[in-house]
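Q: One gets our numbering by counting positions in the sequence shown from 1 and adding 59 to each.
Careful: at least some of the hints might be erroneous.
Dumping the calculated DMTMM-like pairs for lysine to aspartate or glutamate here, alpha-carbon to alpha-carbon at most 20 Å [stated by the list, open to error]:
1. LYS102 to ASP79
2. LYS128 to ASP262
3. LYS128 to GLU204
4. LYS266 to GLU300
5. LYS259 to ASP239
6. LYS394 to ASP427
7. LYS266 to ASP216
8. LYS259 to ASP216
9. LYS259 to GLU247
10. LYS128 to ASP239
11. LYS266 to GLU342
12. LYS125 to GLU269
13. LYS259 to ASP212
14. LYS266 to GLU442
15. LYS125 to GLU204
I should point out that these hints are in silico values taken from the structure, not numbers from a laboratory.
This structure is a prediction, so every number in the text was calculated from the model and none was measured.
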Amino acid sequence: MLAGSPAVVSVALMHGNTSDSVVCVSHLSKSYRIYDKPTDRLKELITRNLYHRDFFALSNVNFSLKQGKSLGVIGDNGSGKSTLLQLIAGVLTPTSGQIQCNGRILGLLELGIGFHIEFTGRQNIFLYGDILGLPHSLIKARFAEIVDFSELDEFIDRPLKTYSTGMRMRLAFSLVAALDPDILVIDEALTVGDNYFQKKCLDHMSKIKERGRTIVFCSHSTYQVGMFCEETLWLRKGVVERHGETLPVIAAYEAYQLRRSEHANDEPGAKYSNMPVHIVSVEILNQLPIDRGDDLRVRIVTQCVTDDLPFHVMISVKFGADFGVFATGTHLAGKPPVRGRHREIIVTYPSIPLLGGFYWLHVRIFDDQGLLVYHERTLLDPELEVRKENNERGFCYLENRWEIS
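Can you make the complete structure from the sequences, with help from the hints?
A: Right, dumping it as structure tokens:
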């Protein structure tokens, strides 16, 4: 089997779930036995003494997901995200707990299983159909659609071992796109490949969601999770740190990430290194601290690899790491997308109503369709300081009148 490429897996589950939930996870745990030496396995088998310790990749995870809803799964590397998605897709068996799913699941996972490396792309498409128990006539009818979506027509009769990782992902996602599952599980496979095809996949996921399908989506891009998912599950060291509406969960996770970062101004760094547009600098033009009622001016400098790539710019004002005060952007202000290799953008907030305190500025640039984040940056040094007046409470000043009779 093929190592290091996204695996396409399928499982059809019709458990006795009588609720309106399509996916129901109850007290789910997954543990592995860790041995210090290979011989300890044999010792344990012979002597019946314990020579291992249990490592819990997941511990007591609970959630349910209704039809047509999407769940984002976020967390650090090693937090248990991939383990959870593999369990939902039926690739792994839980140590304890239950998973109940109603409908056919298709999983696009980063695993060392999937297509056969010696087979051609064409042969792997039909092999996958055999694995699913689908008639050849159905795969044959959708073959042109699969190849067309993947844009691999020149390579479809070549062995998969000659494909790049991105080409393998194209083939895997194209299969998922053509087979229209009830529940789609995607584990960071979209991080592989070029930006153009990532956008194409994200656009198709939007169409899947519009058809009322259920999506479980794991990604390091909180922007993409925010775009697609009504609910988000944050895993930390195998335990649910937070679960609920997406925006508050993402805000808490991003705050946690910023607190961990020793160089927040360079955050998030390498994951955007191959993107075509970057934020060169974010600068407050005012002398700090400012006063409530001042005009706040911020300069954003961007660098693009070409003159004709359209992109939008978004800026958020945050009170510390956890609380978003206000967000705006070129798209929200009715401005056309920005173009150009080197652009300087001035954002002015007239008579800013912020009360005294320290605020952070977070800038994000993304494609003209709002699907793909090109770069993001948080300005923490210097912080935006607003001078504090006496008896202030809250984050912003609201004009008010009092009448007492």
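Q: When the structure is checked against the list of hints, which entries are broken? Sort them ascending.
A: Those not satisfied are hints 1, 3, 4, 7, 8, 11, 14, 15.
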